[in-house]
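Chemist: Sequence:
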Amino acid sequence: MMERLDPRLDSWKLALERLRSAQSADWAEAGRLVAEIARMSTETMLRQAAEQALPVLRQAVDNDDHGVALAAQRRLGVVLEVVHDLTAPRFGRRNA
Numbered sequence: 109m110m111e112r113l114d115p116r117l118d119s120w121k122l123a124l125e126r127l128r129s130a131q132s133a134d135w136a137e138a139g140r141l142v143a144e145i146a147r148m149s150t151e152t153m154l155r156q157a158a159e160q161a162l163p164v165l166r167q168a169v170d171n172d173d174h175g176v177a178l179a180a181q182r183r184l185g186v187v188l189e190v191v192h193d194l195t196a197p198r199f200g201r202r203n204a
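With the working numbering applied, the sequence shown has no gaps in its numbers, which climb one by one up to 204 at the end.
None of these hints come from the bench; they were simulated from the model.
Note that the structure is a prediction, hence the values are computed from the model and not measured.
Be aware that one or more of the hints could be misleading.
Pairwise CB distance ranges, derived in the manner of DEER restraints [what the hints assert, rightly or not]:
#1 172 with 118: 20 to 26 Å
#2 153 with 132: 27 to 33 Å
#3 196 with 173: 32 to 38 Å
All C-beta atoms in this analysis are idealised placements derived from N, C-alpha and C, irrespective of residue type, glycine included.
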C-alpha cells in the first residue's frame, strides 16, 4: 500500500491543474498557492521548485509582458511536474 508523506499533494495538484487550464491566468492566486507549497511542503524537491517559482509569479501579477507570463507558466509547470512525480504510482519498486 502506498502512503504519501504529504497529505496535501492531491489538493495542490488539483489546484495547480485548475490554474494551468484556466482561460486567463490568475497570477495572484498562483503565487498564493505556490507560496503555501513552499512554506508547508515536507518534500524538499517540491519546496525548492515552489521557492524558485515565486519571484516570477509575483512579477507576473503586475506585469503585462508576454515574456514574464511565459516564464511564470513554465515555472508553474515545473511545480506541477514535481507534484505529478510525487503522486505517481511507483509500480515495481520496493517500499513504494
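Chemist: Work down the list of hints and note, for each, if the structure agrees.
Modeler: To see whether the hints hold, each was checked on the structure:
no.: 1; hint: 172 with 118: 20 to 26 Å; verdict: violated (34 Å)
no.: 2; hint: 153 with 132: 27 to 33 Å; verdict: holds (29 Å)
no.: 3; hint: 196 with 173: 32 to 38 Å; verdict: holds (34 Å)
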